[in-house]
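**Student:** FYI, the numbering for the sequence shown is 345 to 1161, going by our numbering.
None of these hints come from the bench; they were simulated from the model.
Since the structure is predicted, the reported quantities are computational estimates derived from the model, not experimental observations.
Be aware that a few hints might be false.
[Claimed, not checked] What follows is a set of in silico ranges between Cβ atoms, one per label pair, in the way DEER data are often shown: (1) Asn522 to Asp619: 21 to 29 Å; (2) Glu911 to Thr733: 30 to 38 Å; (3) Leu998 to Asp619: 25 to 33 Å; (4) Gln997 to Val668: 37 to 45 Å; (5) Gly1118 to Ser430: 21 to 29 Å; (6) Ser685 to Ser527: 54 to 62 Å; (7) Asp930 to Ser430: 32 to 40 Å; (8) Arg1001 to Ser662: 47 to 55 Å; (9) Glu691 to Ile848: 15 to 23 Å.
We put the CB at the ideal spot given by N, CA and C, even for glycine.
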Amino acid sequence: MEHFLFSTLCALVLCTTFLKLSDGIDTLLPNQTLEIGQTLISNSQIFELGFFSPGKSRNWFLGIWYKSTPDVCVWVANRNNPITDSDDVFLALTENRTPVITISKAGSIIWSANSSGMASNPVLQLLDNGNLVLIQDSSPSYYFWQSFDHPTDTWLPGMKMTDDIESGLERYLTSWRNSDDPSTGDYVFRIENKGLPEMAVTYKGTMKRYRSGKWNGLYFCGTPRFPNPIFKPELYFENERLVSIWEPYDSSIMVRLILGASGVLERYAMNARRDKWNSVYTNPRDPCDDYGQCGPNGICRIDKPVRCECFKGFRPKSHKEWGVQEWSGGCTRIAPLNCESGDGFIEVKQVKFPDMLEFWLNTSMSLEECRDECSRNCDCTAYANPYVTDGGRGCLMWFGDLIDTEEISWADSKQNIYIRLPASELDYITDLEKENEKKSPVRLILISIASGVLVSGFINGGIHFVTRLKKRRAAKSNNQDLELPVLELATIVAATNNFSRENIIGEGGFGPVYRGNLSADEEIAVKRMSRTSGQGIAEFKNEVILIAKLQHRNLVRLLGCCIEGEERMLVYEYLQNKSLDYFVFDQSRKRLLTWAKRIDIIMGIARGLLYLHHDSRLKIIHRDLKTSNILLDGNLNPKISDFGLARIFEENQLIARTKRVVGTYGYMSPEYAIDGKYSVKSDIFSLGVVLLETLSGQKNRAFDHCDHYYSLLGHAWLLWKENRILELMDECLNDTFVESEVKRCIQVGLLCVQKLAEDRPVMSSVIFMLATDGAILPEPKEPGFFIERSCGPVKSLRLESSIYEGETMTITDLEAR
């Protein structure tokens, strides 16, 4: 064994001081050693291999890390065999017919890796993609051993995740114990083929933490579908089994996926100019992604204030636990199944299917045949078509409880499940739905009016009584529709000191916004609809319904509402740093926003908009994105606010048209302002304006220049054509800016405000372009509204409504902003 003493190892996590080899070589030959303080460097200077001591640890490990960010480790060799003493430690490659890579100390082997075959003239080489390979110098394309076959906590492009039962090969990620200890942690991330394949399943020990959802023939049903220039996986199936998944290596894009010590999967893209990694997305994305969030027979709906519900025909096992939002106990049937007397099925649409714990699968049956098969089997509790291709095919049946079901808005409309219920429950549900139809708002109003007329015939005071009763009923009906905590008017009056003028922190088209205190520890912002507001009850209800269904770190959080008498109020989390325009347009406060902070704000806004357009359960068009609607928390993290004008799009809907154009001049896209057409590209135009305003510290419509009368967009376009784009940057950034980043951000801003909607990028591409330094960006075309004004700066106006008259648009109401 002593012959096989020396070998390779690879990685660094949290940076320590070490001495680089003077020639920066990327290979290790037999009879050479790599000692502590020496490193191998890949040919492209991206990756390094050497010994490191992570964080506060005094132990040493061999690993691979990024040369520019040595705190980011991507592979560790001896993760479970730490080196406690750094003296006489080295990595070596033995020259044998079967070469061996070893880490040795004082004659003993710490770690070793045997090659898969015999090699003459072996070479250990660190490749540009971060793969450490053992090759034969005469056949460099064949790997006798490679670190990619032994992943730790990081998935790199070119590395395969594998679940191949034929060869007995399985490759998966395992988390670190913590940031100071790279030993095998609690979490595992792997492919799983149980019934239907899943791309990503995370375990903590033997317990599932997260799963991507089953393959339905087109995509994994629990994972959002949208164009993603950063992650383009290649899937390899054998007999409907997912054998491997990998991401082709692209030298122009540096990305990685890491399984954190807490079990969270996070994908990063490198901003090379700043030597900084930008987070692109995380899994789990929200609480509904946590495995079994709602327990057996519960369904998770992230767009509801109380996100867990029982399936119809079921009730909570413990009402007391559900009352305090402890849902893990799940639900039980209200009435037992009665197979002999005939059970039926209730359809639940657009779901991530329950986990396949006890199941039966046939890939060729029709949905009708599947229903019959499930009906005949008294143990079958639910059925569905497993595949959405070919109009839906196959039969998947569940037995026992249904675990980890989630409502999803991006799934195909046929991603539905049919749950078995006793006939008595189906009859009750049918009767209840009919009763609810009878109690429609129109019918209630007609009944109330008739009652009012009838009562008024007996007593004059009856009219007053019925009117009050109708108001109460309407308020109660509204509250039920809004599905949001409702606060009493008296509570808000006390919190805002009776709406004191000293508590006003802002005012918009909706009305004034007050700061308040519900308790000593909870500050709130109260948006009170003014009687003269151009926005009415429709906008109020729209904002409540929409924002109550949205949860993202870059969206403002709605806490509740108040509907009492003539009062209409929205209660939000209080954000102490007001809005973005409060900083970027103020000569003193703008200096607090350094270049790094501004780009972080831009990225946060972009991530929030990506969520609205692609990741949320609803596809939302904001329609009024502007600097004053970007609120900042105590750490200056951005949160998109004001959803009164937002609209929901269907999954496959691309564009809509309105006769009532609403929004703010200077931020509206040309097709929306002129023709009333709006889409995700309208919001992207607004984002481009916000981006350019944030970088320049200038307002688009109020921009004033001594040489021309163009808006800020026109001025930016002129500077771009003359290759003077850096002149657009706010002068207060001179001490903190990074030139390449400024140019890239302005170019992205100009791409977003191009005149034609089809020329503008989608949000996933915007994030990719902002996050990836060195990426080749397209040349922008002329921006919208590239026309000179007749005079100097123009006061910003808010367009409240418009009417189409043939081919012209008449503006009927303009409100100064």
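**Student:** Take the hints in turn and mark each one as holding or not.
**Tutor:** Do the hints match the structure? See the list:
Between Asn522 and Asp619 the beta carbon distance is about 24 Å. The supplied range of 21 to 29 Å therefore holds. At about 52 Å, the beta-carbon gap between Glu911 and Thr733 misses the expected band of 30 to 38 Å. Remark: the range hint 25 to 33 Å for Leu998 to Asp619 is contradicted by a beta-carbon distance near 39 Å. A hinted range of 37 to 45 Å for the beta carbons of Gln997 and Val668 is consistent with their spacing of about 39 Å.
For the hinted restraint 21 to 29 Å between Gly1118 and Ser430, the CB-CB distance of approximately 36 Å leaves it violated. At roughly 58 Å, the beta-carbon separation of Ser685 and Ser527 lies within the given 54 to 62 Å, and the hint holds. Here the CB-CB span from Asp930 to Ser430 is close to 54 Å, at odds with the stated 32 to 40 Å. In this structure the hint that Arg1001 and Ser662 lie 47 to 55 Å apart at CB holds, the actual value being about 50 Å.
In this structure, Glu691 and Ile848 break the distance hint of 15 to 23 Å, their C-beta atoms being roughly 50 Å apart.
Checked against the numbered hints above, the structure violates hints 2, 3, 5, 7 and 9; every other hint is satisfied.
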